[in-house]
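Enquirer: Listed below are the residues making up each chain.
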Amino acid sequence: KAGVTQTPRYLIKTRGQQVTLSCSPISGHRSVSWYQQTPGQGLQFLFEYFSETQRNKGNFPGRFSGRQFSNSRSEMNVSTLELGDSALYLCASSLLGVETQYFGPGTRLLVL
Amino acid sequence: DQQVKQNSPSLSVQEGRISILNCDYTNSMFDYFLWYKKYPAEGPTFLISISSIKDKNEDGRFTVFLNKSAKHLSLHIVPSQPGDSAVYFCAAKGANAGGTSYGKLTFGQGTILTVHP
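These protein sequence lines are chains A and B, in that order.
Just so you know, our numbering puts 107 at position 107 of the first sequence, and the rest follows in order with no gaps.
Going from the second sequence to our numbering is simple: count from 1 and add 112.
Hints were generated in silico from the structure; no laboratory data involved.
Note that CB positions come from ideal geometry on N, CA and C, so glycine has one too.
Don't take each hint at face value.
[To be verified] Looking from chain B toward chain A, a few residues come up when the C-beta cut is under 7 angstroms (computed): (1) 136; (2) 138; (3) 151; (4) 152; (5) 155; (6) 156; (7) 158; (8) 161; (9) 212; (10) 214; (11) 216.
[To be verified] Take a look, some chain B residues computed to stay more than 10 angstroms from chain A by CB distance: (12) 122; (13) 166; (14) 167; (15) 170; (16) 177; (17) 180; (18) 195; (19) 197; (20) 205; (21) 213; (22) 217; (23) 218; (24) 222.
Next comes chain A alone, as it looks inside the complex (with noise of 0.2 angstroms):
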């Protein structure tokens, strides 16, 4: 069974763009998660989706926002880029969302 995917690997924008992260599940998987990684805080949540509806939310501002299609895919989206938005950016999928993640490889965002 493939992993979960994620798209692209690599991204480098300015201050006040937005960007857009894609990621591909597990297939069968019907949770996807994100999660954010920086030096100073670690790995944070960010949002959890399933069957398309946000089921939980972690503390970031309304910039970070996210969506679920049909198929599990799950998009998320940062606008008005800060510098402070540079992190590894990570999305983990499981069954429910009730028992073990199994994560992507990350997409590395670099806020100019």
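Position chain B relative to chain A; hints supplied.
Expert: Here is chain B on its own, set in the frame of chain A:
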């Protein structure tokens, strides 16, 4: 408010010996715990998990112990191999008061394990 803590930033072990990585948590609502291994610029790789109804789980060279009264878990790797060198994260899942736990893992800050040949 860090609910999951890995107090040792790094650990150095000789090949063939035991590696013990520790993790403490403060939230008594956590009911499921996981260990992940991570290389730089890659996503975390799942290693082993344990439910709060158990106190031990084994999978090959990896064993996780859970002490609920002390709110402490540990990962034992025996024997340690140079390929085990990576950052190890413990993570916990469970509902905060009034909240939902769906899809949310709370991570520790990680421990860098170096296994010397």
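Enquirer: None of the hints should be skipped; say for each whether it holds.
Expert: Structure-based check of all given hints:
no. : hint : result
1   : 136  : violated, 15 angstroms
2   : 138  : violated, 16 angstroms
3   : 151  : violated, 10 angstroms
4   : 152  : violated, 9 angstroms
5   : 155  : holds, 4 angstroms
6   : 156  : holds, 5 angstroms
7   : 158  : holds, 6 angstroms
8   : 161  : holds, 6 angstroms
9   : 212  : holds, 5 angstroms
10  : 214  : holds, 4 angstroms
11  : 216  : holds, 5 angstroms
12  : 122  : holds, 15 angstroms
13  : 166  : holds, 15 angstroms
14  : 167  : holds, 19 angstroms
15  : 170  : holds, 16 angstroms
16  : 177  : holds, 18 angstroms
17  : 180  : holds, 19 angstroms
18  : 195  : holds, 19 angstroms
19  : 197  : holds, 19 angstroms
20  : 205  : violated, 8 angstroms
21  : 213  : violated, 7 angstroms
22  : 217  : violated, 6 angstroms
23  : 218  : violated, 7 angstroms
24  : 222  : violated, 7 angstroms
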